[in-house]
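Protein chains in written order, with numbering that gives the first Met the number 0: chain W, 0 to 466; chain P, 0 to 222.
Worth double-checking, as some hints may not be accurate.
[Stated by the list, open to error] Here are the computed lysine-lysine pairs in the DSSO-like style, where the Cα-Cα straight-line distance is at most 30 Å: (1) Lys397(W) to Lys10(P); (2) Lys274(W) to Lys312(W); (3) Lys446(W) to Lys218(W); (4) Lys417(W) to Lys466(W); (5) Lys278(W) to Lys417(W); (6) Lys4(P) to Lys397(W); (7) Lys50(W) to Lys278(W); (8) Lys351(W) to Lys312(W); (9) Lys100(P) to Lys351(W); (10) Lys18(W) to Lys50(W); (11) Lys100(P) to Lys417(W); (12) Lys351(W) to Lys417(W); (13) Lys313(W) to Lys250(W); (14) Lys218(W) to Lys278(W); (15) Lys196(P) to Lys397(W).
The set of hints was computed from the structure by calculation and includes no laboratory data. Because the structure is a prediction, the values reported are computed rather than measured.
Listed below are the residues making up each chain.
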Amino acid sequence: MIAKLTLDFTDDLGHTICKGAIVRWYKAEGDRVEFGDALFDMHVEEVLIPKAHMDIIRQGRKLEFQPTQIADLAARQLESPPAVAAAALDPEDVCPIQWAFFLRVSALDEGVLRRIYSRATQETGDLIAIFSSSPDESLHAKGGMTAGYDFRVATTEFEPDPSYVLGTQTKKKEVEKKWIGREKNGPNYIMFSGSDDRQRRIGIYAIGSCDLNMIFACKPLIQPILNGTCCLLYEGTVADARSDILLQTLKKLPDEWLEPLFGRMRIQRDYFQPKLFQKTFTVAGDEGPEEFSKHIVVLSTGADLTRTLYRHKKQGFLVDPGGGWLNEPLTNFLTDLSSVSWFRENFETVGKVTVDEFTANFGQVIQELKPIVGSRILVFNQLTVEPNSTTHTCQFLKNPQNVRRLELCIALSELSRKLDFSIIDTNRILQRVGIQTQLDWDHPHPKVNLLLAQEAFRIMQDLEVFK
Amino acid sequence: MGTSKTGGQPKITVFLGESDNVSNALLSIEEGGRKLGIGLRDLVRQRYNGRFEIEFLRESWENGIPDIDAGKSLLLERQPGIVVFSAAGDVTTSISVEDFKTRLLRLIRVVKDRLDAHVIVFNCCSADPADNVHNYHGLPDTFPLRAHKFNLAVMQASVLEGISFIDVERVIGQLAADTHVLSPLRYSVQAYETIGKEFLRVIEDIAFFENRPLVMQVGQRGK
Numbered sequence: 000m001i002a003k004l005t006l007d008f009t010d011d012l013g014h015t016i017c018k019g020a021i022v023r024w025y026k027a028e029g030d031r032v033e034f035g036d037a038l039f040d041m042h043v044e045e046v047l048i049p050k051a052h053m054d055i056i057r058q059g060r061k062l063e064f065q066p067t068q069i070a071d072l073a074a075r076q077l078e079s080p081p082a083v084a085a086a087a088l089d090p091e092d093v094c095p096i097q098w099a100f101f102l103r104v105s106a107l108d109e110g111v112l113r114r115i116y117s118r119a120t121q122e123t124g125d126l127i128a129i130f131s132s133s134p135d136e137s138l139h140a141k142g143g144m145t146a147g148y149d150f151r152v153a154t155t156e157f158e159p160d161p162s163y164v165l166g167t168q169t170k171k172k173e174v175e176k177k178w179i180g181r182e183k184n185g186p187n188y189i190m191f192s193g194s195d196d197r198q199r200r201i202g203i204y205a206i207g208s209c210d211l212n213m214i215f216a217c218k219p220l221i222q223p224i225l226n227g228t229c230c231l232l233y234e235g236t237v238a239d240a241r242s243d244i245l246l247q248t249l250k251k252l253p254d255e256w257l258e259p260l261f262g263r264m265r266i267q268r269d270y271f272q273p274k275l276f277q278k279t280f281t282v283a284g285d286e287g288p289e290e291f292s293k294h295i296v297v298l299s300t301g302a303d304l305t306r307t308l309y310r311h312k313k314q315g316f317l318v319d320p321g322g323g324w325l326n327e328p329l330t331n332f333l334t335d336l337s338s339v340s341w342f343r344e345n346f347e348t349v350g351k352v353t354v355d356e357f358t359a360n361f362g363q364v365i366q367e368l369k370p371i372v373g374s375r376i377l378v379f380n381q382l383t384v385e386p387n388s389t390t391h392t393c394q395f396l397k398n399p400q401n402v403r404r405l406e407l408c409i410a411l412s413e414l415s416r417k418l419d420f421s422i423i424d425t426n427r428i429l430q431r432v433g434i435q436t437q438l439d440w441d442h443p444h445p446k447v448n449l450l451l452a453q454e455a456f457r458i459m460q461d462l463e464v465f466k
Numbered sequence: 000m001g002t003s004k005t006g007g008q009p010k011i012t013v014f015l016g017e018s019d020n021v022s023n024a025l026l027s028i029e030e031g032g033r034k035l036g037i038g039l040r041d042l043v044r045q046r047y048n049g050r051f052e053i054e055f056l057r058e059s060w061e062n063g064i065p066d067i068d069a070g071k072s073l074l075l076e077r078q079p080g081i082v083v084f085s086a087a088g089d090v091t092t093s094i095s096v097e098d099f100k101t102r103l104l105r106l107i108r109v110v111k112d113r114l115d116a117h118v119i120v121f122n123c124c125s126a127d128p129a130d131n132v133h134n135y136h137g138l139p140d141t142f143p144l145r146a147h148k149f150n151l152a153v154m155q156a157s158v159l160e161g162i163s164f165i166d167v168e169r170v171i172g173q174l175a176a177d178t179h180v181l182s183p184l185r186y187s188v189q190a191y192e193t194i195g196k197e198f199l200r201v202i203e204d205i206a207f208f209e210n211r212p213l214v215m216q217v218g219q220r221g222k
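Please put together the full structure from these sequences, using the hints given.
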């Protein structure tokens, strides 16, 4: 027997939760649930209450010591046609209010938790989870999911959110610790716990262009189902991440070659270190460094698409003086004019990667990562159509961007077919929601981050990262 | 196309190698389209106060680009100024992308060399509301991937031959595919209207409504 749990909680007074976020699950997919087991904690943000109650909350106290107003109100009610007066008190006439509190939801039915549907915010009617009587019962009938029963639950604990109600920092921290768990933020990482089993550690590591900073938008999606501690880390820049630069980090270059670069160019000392290909990464925790294995590696094709590299004329190694975006003068990224002369004397451009070079280099990056994370590699592709473009012929264009982007997009799909890794299809997501408000090819509205994060989270769930 | 023709001719003959995408975006319901109350002909009449007349020559190319040399086509019997067709008809057939590209380039060369006409090709929107593939390992081409490959062939033809394309992918991407793609290659009325207006913008850009030389379609092959 299949049972569904949807957000449809109403108390005896007719107050319905209409918006909230699940901040912690006590059960994982596949777990058996018994009567009385805690299922999850929810941070409720909005409640639907009868308008009559709202009138009481807003006006009741004001009216308490205002005899004239009480009389006026009664007079208006007497003048109103009976139908209108009755409608004004219709208990089904409701309105939403911002009312924040934490709630623990426990099971009244028994079964196996089969699927958790996690979202940043849950709204009334949203499907939260599916249960079945036995662990291997099919969830789907022909033509769709089986109808199923409602899984019954009860709220067993309640605590107002102090940030709304009490406003005291100490109390806020205590309540957050109890309900949300530990959280630590650094300049390029977020570390957070989702349940009491904090020894289980999940590392999500991203390196490359700025589109990858959306991984932080995954946090509210991950946290409710997280059984352990998760760290989301994004490092590097678009200038560190062209696939031939990444592959170069696998070779040890002599220090005497590199030392002259650090004074003259704005590149970091770890530029030539194989950060991507290490099995773990470390961040600063409350009680010292904390190490995470890489469960997922997130990459982007942004650097291969856009960056031009330079090769040392004698020693043959590559650099991207970068730091900046496209079409900025080299002088912006070298420390002074003598460095510009030095750079011109010692380096020559190798241009942008061709599609064949991309396939070979990026393919090799993926193969080097396979022993570390298996198929748990997510790669962002890029938008292939230019927002608000008026171009209708490529005959006047030298190396048209739209052609190059489409070529790389297709090449990435073919690589995924050959090497078995996942693509976060930015191109598909952006076109689905509309690209009219994009700043340019590569900079969508920040609100799109959540959509990209939802796709990344969906793929992570498919890959069973959190089980 | 060695010489430059002049725009501003009162009658513009447009050959339509028809597929749903082309006819639904350019023809009114009265003319045989299935979506629009006002088609391209009415749009041009309204905008230019009747100074220009569009004449359509129509042939069904629903199953993709025909092998022009092998069969008889209305295209070679008349002298259209503009030849329009779509990549969408081929995407849904079993033709390989390489064969499509070969046939596309051969057709463009025939049209340019024998008819001295302008070629405008509709690419197709790759959106499929049901598509959520994130890993292609062990999978054949999905519809979006195949559409991308055909769209790339159209753009490469544009680089080589200088032809214009109606970027249906971009037009619908701007509108939001979630709202305007009903199923693969089936779009909303608003989407077809916008594609039709984009077509008008393109032929205006080529200068069909001005007394000056038309922008030539030369491309890198012709340089």
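Verification of the hints:
1. Lys397(W) to Lys10(P): At roughly 35 Å apart (the allowed maximum being 30 Å), Lys10(P) and Lys397(W) break the hint.
2. Lys274(W) to Lys312(W): 26 Å, holds
3. Lys446(W) to Lys218(W): The given pair, whose Cα atoms are some 15 Å apart, holds under the 30 Å limit.
4. Lys417(W) to Lys466(W): 27 Å, holds
5. Lys278(W) to Lys417(W): Roughly 23 Å separates the two Cα atoms, so the pair holds.
6. Lys4(P) to Lys397(W): Holds: Lys4(P) and Lys397(W) sit about 25 Å apart, inside 30 Å.
7. Lys50(W) to Lys278(W): Distance ~57 Å between Lys50(W) and Lys278(W) Cα, so the pair is violated.
8. Lys351(W) to Lys312(W): 17 Å, holds
9. Lys100(P) to Lys351(W): OK: Lys100(P) and Lys351(W) at ~26 Å, within 30 Å.
10. Lys18(W) to Lys50(W): The given pair, whose Cα atoms are some 18 Å apart, holds under the 30 Å limit.
11. Lys100(P) to Lys417(W): 24 Å, holds
12. Lys351(W) to Lys417(W): Measuring from Cα to Cα gives roughly 24 Å; hence the hint holds.
13. Lys313(W) to Lys250(W): 17 Å, holds
14. Lys218(W) to Lys278(W): Given pair Lys218(W), Lys278(W) holds - Cα atoms ~22 Å apart, limit 30 Å.
15. Lys196(P) to Lys397(W): Holds - the C-alpha atoms of Lys397(W) and Lys196(P) are around 27 Å apart, at most 30 Å.
Checked against the numbered hints above, the structure violates hints 1, 7; every other hint is satisfied.
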